[in-house]
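Mapping of the sequence shown onto numbering that gives the first Met the number 0: position 114 corresponds to residue 113, and the numbering continues sequentially without gaps.
Simulated from the structure, these hints should not be mistaken for lab results.
It is possible that some hints are incorrect.
[Unchecked claim] Subject to a maximum C-alpha distance of 30 Å in a straight line, what follows is the list of computed DSS-like cross-link-like pairs (lysine-lysine):
hint, residue 1, residue 2
1, LYS127, LYS146
2, LYS236, LYS217
3, LYS239, LYS217
[Said to hold, decoys possible] Computed beta-carbon distance windows for the label pairs:
hint, residue 1, residue 2, range
4, ARG178, VAL11, 37 to 45 Å
5, MET41, GLU242, 27 to 35 Å
6, GLY229, GLY57, 36 to 44 Å
7, ASP86, LEU243, 38 to 46 Å
8, SER46, GLU242, 28 to 36 Å
9, VAL218, ASP246, 16 to 24 Å
10, GLY197, VAL218, 16 to 24 Å
11, GLY57, GLN222, 36 to 44 Å
12, ILE216, ASP246, 16 to 24 Å
13, PRO252, MET41, 46 to 54 Å
14, ASP103, VAL218, 13 to 21 Å
15, TRP249, ASN9, 45 to 53 Å
16, LEU243, GLU26, 47 to 55 Å
Don't be surprised by glycine CBs; every beta carbon is placed ideally from N, CA and C.
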Amino acid sequence: MGAKDTGMFNVVGLIGPGGCGSVCSAEDRSGTLVAVKYFEGMAIRRSLLVSMLGRLSGNGWPDGVMPILASELEDRPAMVVMPLLADTDEEGNLQPRSLQHRLDRFPAEDPWGFLLEVGRALAAMHGKRVAHGNLKPGNIFFDGSDKVLLSDWALGNMPGVSHLEFTDALLYQPPEQLRDPGGYLEEAGYRWDVFAFGVLAFRLMTGGFPRCNDTFIKVAPPQGETRREGIHADLPKIAKNLELNPDFAWPAPPADKVQEN
Numbered sequence: 000m001g002a003k004d005t006g007m008f009n010v011v012g013l014i015g016p017g018g019c020g021s022v023c024s025a026e027d028r029s030g031t032l033v034a035v036k037y038f039e040g041m042a043i044r045r046s047l048l049v050s051m052l053g054r055l056s057g058n059g060w061p062d063g064v065m066p067i068l069a070s071e072l073e074d075r076p077a078m079v080v081m082p083l084l085a086d087t088d089e090e091g092n093l094q095p096r097s098l099q100h101r102l103d104r105f106p107a108e109d110p111w112g113f114l115l116e117v118g119r120a121l122a123a124m125h126g127k128r129v130a131h132g133n134l135k136p137g138n139i140f141f142d143g144s145d146k147v148l149l150s151d152w153a154l155g156n157m158p159g160v161s162h163l164e165f166t167d168a169l170l171y172q173p174p175e176q177l178r179d180p181g182g183y184l185e186e187a188g189y190r191w192d193v194f195a196f197g198v199l200a201f202r203l204m205t206g207g208f209p210r211c212n213d214t215f216i217k218v219a220p221p222q223g224e225t226r227r228e229g230i231h232a233d234l235p236k237i238a239k240n241l242e243l244n245p246d247f248a249w250p251a252p253p254a255d256k257v258q259e260n
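Build out the structure end to end from the sequences listed, making use of the hints.
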């Protein structure tokens with residue numbers, strides 16, 4: 000999807016493709032750089048995004064959630080505008096300031112402070128009656144003060160989506176969501192977020208996934224990359240493999256009572 004002028008924002012160039020569309024850098028009328036996400040029509044459910052955006056916006060935007068500066072969800076293509084949280088590398092390319100680009104810091108670095116921030120952000124969303132439903136390292140960003148901001152909620156494996164590409168968000172989802180994303184509309188998404196948070200916490204603490212690690216590590220994008228091309232999203236198979244491996248173990252016993260708790 001090429002760069003285009005949105006009216007209020009002048010798109011500068013493509014940052015990269017995603018599972019639901021493409022992200023571009025753009026300038027607003029004051030010259031401030033922002034990120035514009037254009038959605039592929041069949042990869043989203045417009046009415047769901049409109050509804051969840053309305054809930055998040057009501058009575059103040061929740062802490063820990065990426066601000067939406069502008070949106071046109073009924074247009075073709077649908078789009079949202081967000082702060083541009085990225086750094087420029089030595090070659091002048093933008094590198095998103097996301098957890099996906101910091102995975103190599105863990106588990107050597109203690110993840111608990113970061114995980115508490117993610118948990119608080121999810122709780123703030125749930126307090127607004129919005130489940131994220133699409134948690135993964137590439138959807139967790141850091142602002143200029145390294146504060147956590149969650150993005151891309153209600154995207155990906157959602158009810159009513161007719162075109163779903165493989166993204167590593169599927170590796171953090173419970174079998175129930177993989178088999179029936181329609182449960183999101185029946186408030187199952189809150190439980191799904193708890194499951195995804197647990198998988199994320201385990202990975203940051205150990206370097207691996209709690210279940211199906213040998214397979215999941217091969218298909219998860221490597222540090223600094225957001226996608227692996229050419230992977231077919233066989234959701235029933237992923238769900239079945241998770242259910243066939245219900246148990247998991249920590250790689251080492253807790254060092255003290257604090258870790259055990």
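Each hint, compared with the structure:
Taking the CA atoms of LYS127 and LYS146, the gap is about 20 Å. The hint holds against a cut of 30 Å. Straight-line distance between C-alpha atoms of LYS236 and LYS217 comes to about 16 Å, which keeps the hinted pair within the 30 Å bound. The straight-line distance between the Cα atoms of LYS239 and LYS217 is roughly 18 Å, inside the 30 Å bound, and the hint therefore holds. Evaluation of the 37 to 45 Å hint for ARG178 and VAL11 yields a pass: the beta carbon distance comes to about 41 Å.
With their beta carbons about 29 Å apart, MET41 and GLU242 fall inside the hinted range of 27 to 35 Å. For GLY229 paired with GLY57, a C-beta distance near 41 Å keeps the hint of 36 to 44 Å intact. Here the CB-CB span from ASP86 to LEU243 is close to 41 Å, well matched to the stated 38 to 46 Å. Taking the beta carbon of each, SER46 and GLU242 are about 31 Å apart, inside 28 to 36 Å as hinted.
Take VAL218 and ASP246: their Cβ atoms lie about 22 Å apart, and the range 16 to 24 Å holds. As the Cβ distance of GLY197 to VAL218 is approximately 20 Å, the hint placing it in 16 to 24 Å holds. Under the hint 36 to 44 Å, the C-beta atoms of GLY57 and GLN222, about 37 Å apart, fit the expected range. Separated by about 18 Å at the C-beta atoms, ILE216 and ASP246 satisfy the suggested range of 16 to 24 Å.
With their beta carbons about 48 Å apart, PRO252 and MET41 fall inside the hinted range of 46 to 54 Å. Taken as a hint, the range 13 to 21 Å holds for the pair ASP103 and VAL218, whose Cβ atoms sit roughly 18 Å apart. Hint check: TRP249 to ASN9, Cβ distance near 50 Å, so the stated range 45 to 53 Å holds. With their beta carbons about 51 Å apart, LEU243 and GLU26 fall inside the hinted range of 47 to 55 Å.
Going through the hint list in order, the structure satisfies each hint without exception.
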